[in-house]
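A.B. asks: Sequence:
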Amino acid sequence: MASSFPYTHYACPCTSLTASPPSLSTLNPAVHPTDDAEEDGRTFNPHSARANYALYPLDQLLYCDECDGIRCPKCVSEEVVNWYCPSCLFEVPSSAVRGDGNRCARNCYQCPECTASLAVTAVSNAPASQSDEGDGGKYLKPDAGSKGEERYLLQCLYCDWSTLDLDLVFHRPTKMTEQLAKHRKARIANATANANAAAASDSPHLQHESGFQKLQAFYQEQLTESSDAHGSGGGYGSSPYGSPANIQRIISLYGGLSADALKKSREKAQPMREARSADEGLNTYPPSISATPDEDPDKAILARLRDLSWDETASPAQRLTHPLNTPARFKSHLWPIATRLRTRKGKRCKTCRQFVSRPDREVSRLKYKIRMPASQHIPRLLFRPLYPPTLPSAIGPGAVLAGKPDFRLKVEDLQPAPPLAQGITQQYVLTVKNPIFEPVKINLATRPLLREKSEVASRFSVPPSRSGLPGTCGMRR
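Going left to right, the sequence shown walks through residues 1 to 477 as full-length UniProt numbering numbers them.
The hints are simulated quantities; they were obtained by calculation from the structure and are not laboratory data. Glycine included, C-beta positions come from ideal geometry on N, C-alpha and C. Hints are not guaranteed to be accurate.
[What the hints assert, rightly or not] Listed next, the in silico DSS-like pairs over lysine-lysine satisfying Cα-Cα at most 27 Å (straight line): (1) 74 with 331; (2) 367 with 345; (3) 331 with 367; (4) 367 with 185; (5) 345 with 331; (6) 367 with 433; (7) 369 with 433.
[Said to hold, decoys possible] Quick list of simulated restraints, FRET-style, between CB atoms: (8) 315 with 274: 54 to 64 Å; (9) 330 with 353: 49 to 59 Å; (10) 60 with 316: 12 to 22 Å; (11) 438 with 353: 47 to 57 Å; (12) 65 with 213: 26 to 36 Å; (13) 7 with 74: 40 to 50 Å.
Work out the full structure: start from the sequences and follow the hints.
C.D. replies: In structure tokens, the structure reads:
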């Protein structure tokens, strides 16, 4: 969101390299003498092409009390504090994230059509004569006196999508991830069994998790073969130096390389080959679930596309939300999406590695344990237009002044600042707010000539005191 004119932005000290390089005419000090600011090499040029990436509002800057300077997003390094689910607010350990992925493993799911949260709804089996619905009364809300077996489904409260579109009903309201995995494995097994032999041999389908495990085992075997071919043999026993890397490091430090080892080291490493079969993790397009045993899967998809409308096909955004929905072509093939985990990140100063911002580990708390904004240490500069008792009713060289009071009782009565125009003098008020208890001295610099390059380096200083606050701090404008 753009700031309203006039506004004030601050330059971080790390942007000192954005100053334009000196030209050949400025290298001769006798012809063009330079002042201390230019000799320092830290003069900030607001007209530089990189100035837009170096100026920030004061509310977006942090402060490091160890380095005694402001810190912009380029001066800090982010560090993940914890992982949590935004739906159930359950904190997930980092080990579980590395093993199970960045999805919630509980009952938190999102609608594949509108990405809204899905709710677990109870249904029961009712006789078909009690309903004239399209499903024949198979799934209805239980009556007050009915004692049928309760079943559960995931339903979207926004677009009314439910797992009934996939013909999925759960027997328990918990462990939805495990039940969905069982249903999907059963669907894949049935689709592979119904496919003909040619299609099954040309396009075998692997589940996402099992395919990843097979690929991992295949490449692990390739790495082992490559290390055996260029390593120093096996059978190292229980020695603490039994690793081939440790032995190679010791030989290179003390004993050098033998003739055989030197010859092997000069040999060009053979590149690892890619997976070629389903056993090695090769994944191709899966067979169509809706195809019959005697029907080609591609022809079944084309025939269904002729009968359905465009709105019933899955969009690219819906297919790319999760790897399980990537091969889906229709909305009826979209599966529920597990809620993606969120992170809370702390920010460290890159110079001294101190935390300048660190949120609380408790997911339900929004407070920060460490938070050092620059607005509590740096003077705030505010520019506001000075509304005189009379304002020009028309902007132009011959503008006529119309009487308008300076005081406004309501916010709606405030008039926006008139745009800057040639020949019209406008006045602005500069307000400086000191957030600390020590007196602050501020120096303002302006360019002496209109045609001269606007390169200024304003500074403010805090005199030393017994409170232990820093003595001097720099600010660029």
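A.B. asks: Does each hint hold? Answer for all of them.
C.D. replies: Now for the hints, and whether the structure bears them out:
1. 74 with 331: violated, 43 Å
2. 367 with 345: holds, 13 Å
3. 331 with 367: Given that 27 Å is the threshold and the Cα spacing comes to 41 Å, the pair is violated.
4. 367 with 185: The given pair, whose Cα atoms are some 44 Å apart, is violated under the 27 Å limit.
5. 345 with 331: violated, 36 Å
6. 367 with 433: holds, 25 Å
7. 369 with 433: Holds - the C-alpha atoms of residue 433 and residue 369 are around 26 Å apart, at most 27 Å.
8. 315 with 274: 54 to 64 Å: Distance hint for residue 315, residue 274 is violated at roughly 31 Å.
9. 330 with 353: 49 to 59 Å: holds, 52 Å
10. 60 with 316: 12 to 22 Å: Since residue 60 and residue 316 have Cβ atoms about 34 Å apart, the given range 12 to 22 Å is violated.
11. 438 with 353: 47 to 57 Å: violated, 27 Å
12. 65 with 213: 26 to 36 Å: violated, 49 Å
13. 7 with 74: 40 to 50 Å: Check failed, 21 Å falls outside 40 to 50 Å.
Checked against the numbered hints above, the structure violates hints 1, 3, 4, 5, 8, 10, 11, 12, 13; every other hint is satisfied.
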